[in-house]
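*Asks:* Chains as they are written, first to last, in our numbering: chain L, -2 to 317; chain D, -2 to 317; chain W, -2 to 317; chain C, -2 to 317.
Hints listed in this document are in silico derivations from the structure and should not be mistaken for laboratory results. Here the structure is a predicted model, which is why all the values come from computation and not from measurement. Think of the CB as a built atom: it goes at the ideal place given N, C-alpha and C, for glycine as much as any other residue. Treat the hints loosely; a few may be bogus.
[To be verified] Part of the chain W face toward chain C, derived, beta carbon under 10 Å:
(1) Phe89
(2) Ser90
(3) Asp93
(4) Leu109
(5) Ser212
(6) Leu219
(7) Leu222
(8) Asn261
(9) Leu263
(10) Asn313
(11) Tyr316
[Stated by the list, open to error] Straight-line C-alpha distance at most 20 Å; calculated SDA-like pairs for lysine to any residue:
(12) L:Lys302 <-> C:Lys102
(13) C:Lys102 <-> D:Phe89
(14) W:Lys102 <-> D:Phe298
(15) D:Lys149 <-> C:Lys146
(16) C:Lys302 <-> L:Lys56
(17) W:Lys146 <-> L:Ile196
(18) C:Lys302 <-> L:Glu301
(19) L:Lys274 <-> D:Lys259
(20) C:Lys230 <-> W:Asn284
(21) C:Lys302 <-> W:Ile290
(22) D:Lys149 <-> C:Thr145
(23) W:Lys260 <-> C:Lys274
(24) C:Lys259 <-> W:Leu277
(25) C:Lys149 <-> D:Met142
(26) C:Lys102 <-> L:Asp50
(27) L:Lys259 <-> D:Ile223
(28) C:Lys260 <-> W:Leu262
(29) D:Lys230 <-> L:Glu279
(30) D:Lys149 <-> C:Ala143
(31) L:Lys51 <-> C:Asn313
(32) W:Lys139 <-> L:Ser79
(33) W:Lys51 <-> D:Phe298
(34) L:Lys139 <-> W:Leu262
(35) C:Lys146 <-> D:Leu277
(36) D:Lys302 <-> L:Phe89
(37) L:Lys259 <-> D:Leu277
(38) L:Lys139 <-> W:Lys51
(39) C:Lys149 <-> C:Gln193
(40) D:Lys260 <-> L:Leu269
What follows is the residue order along each chain.
Number of protein chains: 4
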Amino acid sequence: MSEINLSKYNLHTDLIIDDNSLEHQDNLVDNLTVTKTNKSGHYITITFDDITDKTNYQKVLKHLNAGISEILKVNKVKKNASCLIVGLGNRFSTPDSLGVKVASKVTISAHLYEVGEASQNIRKVSAFTPGVMAATGIESVKMIMALTKIVKPDFLIAIDALASSNITRINKTIQLTDTGIHPGSGIGNNRKEISQKSIGIPVIAIGVPTVVMSSTIVYDTLDYLIKHIAYLKTNECINKLSYKKTNYLNKLNNQNLSNIDKKNLLGLFGTLNEIDKQSLIEEVLNNTELNMIVTPTEIDFLIEKLSSLIADSLNNVLYN
Amino acid sequence: MSEINLSKYNLHTDLIIDDNSLEHQDNLVDNLTVTKTNKSGHYITITFDDITDKTNYQKVLKHLNAGISEILKVNKVKKNASCLIVGLGNRFSTPDSLGVKVASKVTISAHLYEVGEASQNIRKVSAFTPGVMAATGIESVKMIMALTKIVKPDFLIAIDALASSNITRINKTIQLTDTGIHPGSGIGNNRKEISQKSIGIPVIAIGVPTVVMSSTIVYDTLDYLIKHIAYLKTNECINKLSYKKTNYLNKLNNQNLSNIDKKNLLGLFGTLNEIDKQSLIEEVLNNTELNMIVTPTEIDFLIEKLSSLIADSLNNVLYN
Amino acid sequence: MSEINLSKYNLHTDLIIDDNSLEHQDNLVDNLTVTKTNKSGHYITITFDDITDKTNYQKVLKHLNAGISEILKVNKVKKNASCLIVGLGNRFSTPDSLGVKVASKVTISAHLYEVGEASQNIRKVSAFTPGVMAATGIESVKMIMALTKIVKPDFLIAIDALASSNITRINKTIQLTDTGIHPGSGIGNNRKEISQKSIGIPVIAIGVPTVVMSSTIVYDTLDYLIKHIAYLKTNECINKLSYKKTNYLNKLNNQNLSNIDKKNLLGLFGTLNEIDKQSLIEEVLNNTELNMIVTPTEIDFLIEKLSSLIADSLNNVLYN
Amino acid sequence: MSEINLSKYNLHTDLIIDDNSLEHQDNLVDNLTVTKTNKSGHYITITFDDITDKTNYQKVLKHLNAGISEILKVNKVKKNASCLIVGLGNRFSTPDSLGVKVASKVTISAHLYEVGEASQNIRKVSAFTPGVMAATGIESVKMIMALTKIVKPDFLIAIDALASSNITRINKTIQLTDTGIHPGSGIGNNRKEISQKSIGIPVIAIGVPTVVMSSTIVYDTLDYLIKHIAYLKTNECINKLSYKKTNYLNKLNNQNLSNIDKKNLLGLFGTLNEIDKQSLIEEVLNNTELNMIVTPTEIDFLIEKLSSLIADSLNNVLYN
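Looking at chain L on its own, in the form it has when it is part of the complex (with noise of 0.2 Å):
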């Protein structure tokens, strides 16, 4: 996936993507793209087609491991720190479980410790789901506080489901963040954050979008729409068969209108910026009551997979 188009969405992305502070190298292989940004923070975005083949998922962990290896060091994180997993979501709702399973499929070591049988080689890894609200009744971050009082970790990683800016993004992002966490921001409510400044330790973020709202996905369609129209009008002369091939949405990214085309080819609409476009497809959904979130229907099955990638990658990372 291309990155070219995606700084116009960090109005209400929950990933955040600033093309314009990208310092470091971005690594392409295939469709898979390693970007870097360190404003107010760090951010690590790896992007990929498909992780169900062997293949594939064996690259995506290598850079997923480099990605998490990075992060760590850049927050000064020693091979001997002691580290707490966070799964945040709910595990009994698919596309919001991928904390949970993550944080199931990490291997502990902490309780090694307790018994004696940890050498001193090993570093100690301990893991806590503090659940969603509905489910507990106690905040998530009041509950991820309390236990870090007790744990005392060195660092602390935190694995959340998100909600995707982007249609383009879902299940294929995994973005790995220093700037801390806001358990239940998903939907709306105004909580407080895990950072390092409110803790005091390192707090590392790994997120997967994994959930996309009705709007987004009219928005960004018909937003394809107008780059699908001004591809065509470029390659007129070309037969129109030959665009139905791989890649067609990264030869779109640099497509274009006039105002006028535009105004053509969708009135009114096409001429609002994309704040007034973005208002008001949310008036006619949220109006209806028909903004849903929704998921793709693979979603267990990527879900299996998306955590296992993690979990492997923290594995390999945290007990190399």
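Since chain L is already given, all that's left is putting chains D, W and C on it; use the hints.
*Replies:* The following block gives chains D, W and C in isolation, referenced to the frame of chain L:
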């Protein structure tokens, strides 16, 4: 949900609705609607807003009981006729697991006959879940036909999750028909059908739309955008906030814009007929490989509720 | 189930039964028994044969409601006192998942206070599942104490699966106590306890024996062998088939053989006292690594039923 | 596990072991044993202590691959012969879910032939899980025969959980046979069999004992008690603690007491022959309704491991 504008969707709908043939009553209980048609077979459609609280659940159950009883009656199914329940779909994919879950919740009695424990008054009920072809390698239709030959039921009831033709219906509709089933047809495969014509016994299908195409979300949203603007135009003296109340969706169903207004609002796109609009949206999404099949994020919870509802109703009707 | 011979098992029992202190009534409903003792704390034990049919389920539920109400009353828990439910055990091990399943089925209300939706009359209930140390690396007791400090409940209810001291009790007993809990004590670990003494609020434990040691199966069987032979001896004029009827177990409970008969029947082993018999059986099984902890094969089904029963009862009592 | 004393259990065993007919090699790898017999059909039995660590898992997998390859070879199954996998048992009962879990983990290829995607070199593999009669009302044997007629496989592989005839074998044995399967026979039902004789194609059964009767636990423990006392008697000059080491079980297998010593130790019971001992134990437990079928508490974890092991082996052998 009102049924008024549904006829236009008949092109690619899985739920066959034909308002012109509404020959029976339309029992409106709150937002619960029962619609009956009998063009080329019988259809009973029960729509509802919510079955997550006990009162609504009981209301819908009552109507579902009546619906199943009626469709058995019109198919001349006798009180002691033996029944084979077929739970279609994939148990490992939550939105596709409805049929399998219902089959596991229906009370089975056929084995009691084998061991001599069944009283004369209990209907003989057996159940079968063929699984999906990717998991078995065997066509569901062939499996069902083979099983029907050994079980020799007097009639067959098949339960399946469907793709929705409309964003307002997802997880909010149960359709009963006696026109046969086409397992796997949801994914575009042209397989054989199981019907009274092909197997000689009544075949009742119980379907719930649990998934929807992204293209349908876009199409329907733009349709509601036109209706929304039309409503605002018609009611422009009314305070803008006044439309933010319950059942706004119902108010929109009669709204429409003139062709000129449609062109002003949505340009060339607004002037397309329904088929061309759908084709253009599908062209964009299919070429970019973004035409996902999606399901609301509450699907785990809703499948539990819906499968319990249908199984409760089958237990009520079959053993009454 | 009769309680007559239970006192002898007090050596290594997890269910404390002391028949001498039976100060209250013993409500026998069919095979449902309620026993109360209050030596060094209060104990209410409800035993039953079967909760898989609806009538029995409702009977046991009624007694469980009364039992929970009473143990709250003797601990002076007020009608509006806030409650923290602690679901102990391992969600990934069926026989150990009782507490976790109950916690997921109890209605939670504490979050309604946070969002201002709770009426004054609803008791504040929250829930927490610490998990097991092998999966978290963190001691359950420490987690519970940390959570108690932030939730600040007026009392705590902990639910756990237990090891049974008797083969007749498995999945057929619910014990309520106010003497505190010792998470993980079942596997021989000497951990801290959670009790009114240690945390200053009433701590009610609800336990169901779901597993049993192989050594207990052997010991109990040989004990019933002696009783069985004694019964046959006493009733030798009676037709041998006559003992094959319901409640034969109850008939055995008063039976015993003379020491000479025990020696004739079971040799040196038969003359050993209870502790020595147990020790010898454990010696054989522990040295050969065959002293398994086992559970009946119906455990998946029974854990579902038992967790629903306890959750229904908690919902009845806590929100009444 | 040594095979030495197993012949005596042949009366009520589900795993047919006949040491006298040991005609092939006995590959001892640590505690991994492969035993082959071919009396009235071929039997290959693989026993092991542990498959929870990766090294042991790979060792056992290697032997299982060899075993499955050999039993296919002696049944003259060709490299390109098509296979129907039948996963027997109840998916809702953990200890009985082995067959169903294996079927869901085996790679299926038959549907690729239908859609024209299969290369010539891939064996055609399909899978089917009939379920249990209490859940379907239909006899498994009838379902399998009906399916076999439509799938027309060249051979059939059925996987099932078994009742163990010995407490040392539970979850530690895989038996391969070509003598046919008798679904549901574990619960005393006399159903039809699926075998080469009845359906005309090779029928390979893969079984793992996952449950055991309480009466077997008692019988085996008393047997080991006699062996244990015999070992102590023979080695009485040896420090008592010295027997507490690994493989004590193996040391016991040759031990026995004289009849006088048996009578001294266990009275009349000790003098009974094996059949009478078993009958007496069963009489006590059956009359008191305490003869439970039990499974070790780690069963959830072990079924996952065992089903992965068998599926990995089938994938290795069938697609090689």
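*Asks:* Evaluate each hint against the coordinates.
*Replies:* Going through the hints against the structure:
1. Phe89: holds, 6 Å
2. Ser90: Holds - the Cβ of Ser90 of chain W comes within 10 Å of chain C, reaching about 5 Å at its closest.
3. Asp93: This interface hint holds because 7 Å falls under the 10 Å limit.
4. Leu109: violated, 34 Å
5. Ser212: holds, 8 Å
6. Leu219: Holds - the Cβ of Leu219 of chain W comes within 10 Å of chain C, reaching about 7 Å at its closest.
7. Leu222: Where the cut-off is 10 Å and the nearest Cβ of chain C is about 5 Å from Leu222 of chain W, the hint holds.
8. Asn261: holds, 6 Å
9. Leu263: holds, 5 Å
10. Asn313: violated, 27 Å
11. Tyr316: At about 31 Å, which exceeds the 10 Å cut-off, the nearest Cβ of chain C leaves the hint on Tyr316 of chain W violated.
12. L:Lys302 <-> C:Lys102: holds, 15 Å
13. C:Lys102 <-> D:Phe89: With Cα atoms ~12 Å apart, Lys102 of chain C and Phe89 of chain D stay inside 20 Å; holds.
14. W:Lys102 <-> D:Phe298: holds, 13 Å
15. D:Lys149 <-> C:Lys146: holds, 17 Å
16. C:Lys302 <-> L:Lys56: violated, 26 Å
17. W:Lys146 <-> L:Ile196: holds, 18 Å
18. C:Lys302 <-> L:Glu301: holds, 17 Å
19. L:Lys274 <-> D:Lys259: Cα-Cα ~16 Å, so holds.
20. C:Lys230 <-> W:Asn284: Distance of about 16 Å is within 20 Å: holds.
21. C:Lys302 <-> W:Ile290: Satisfied, since the Cα-Cα distance of roughly 19 Å is no more than 20 Å.
22. D:Lys149 <-> C:Thr145: With Cα atoms ~18 Å apart, Lys149 of chain D and Thr145 of chain C stay inside 20 Å; holds.
23. W:Lys260 <-> C:Lys274: Satisfied, since the Cα-Cα distance of roughly 17 Å is no more than 20 Å.
24. C:Lys259 <-> W:Leu277: Holds, because 15 Å separates the two Cα atoms, which is no more than 20 Å.
25. C:Lys149 <-> D:Met142: OK: Lys149 of chain C and Met142 of chain D at ~15 Å, within 20 Å.
26. C:Lys102 <-> L:Asp50: holds, 15 Å
27. L:Lys259 <-> D:Ile223: Status holds; Cα separation ~18 Å.
28. C:Lys260 <-> W:Leu262: holds, 9 Å
29. D:Lys230 <-> L:Glu279: Judged against 20 Å, a Cα distance of about 19 Å means the pair holds.
30. D:Lys149 <-> C:Ala143: holds, 12 Å
31. L:Lys51 <-> C:Asn313: holds, 16 Å
32. W:Lys139 <-> L:Ser79: Distance ~18 Å between Lys139 of chain W and Ser79 of chain L Cα, so the pair holds.
33. W:Lys51 <-> D:Phe298: Status violated; Cα separation ~24 Å.
34. L:Lys139 <-> W:Leu262: violated, 64 Å
35. C:Lys146 <-> D:Leu277: Between Lys146 of chain C and Leu277 of chain D the Cα gap is close to 47 Å, so the pair fails against 20 Å, i.e. violated.
36. D:Lys302 <-> L:Phe89: Between Lys302 of chain D and Phe89 of chain L the Cα gap is close to 14 Å, so the pair holds against 20 Å.
37. L:Lys259 <-> D:Leu277: Status holds; Cα separation ~15 Å.
38. L:Lys139 <-> W:Lys51: Violated, at about 41 Å.
39. C:Lys149 <-> C:Gln193: holds, 14 Å
40. D:Lys260 <-> L:Leu269: Roughly 15 Å separates the two Cα atoms, so the pair holds.
In summary, the structure is inconsistent with hints 4, 10, 11, 16, 33, 34, 35 and 38 from the numbered list given earlier, while agreeing with the others.
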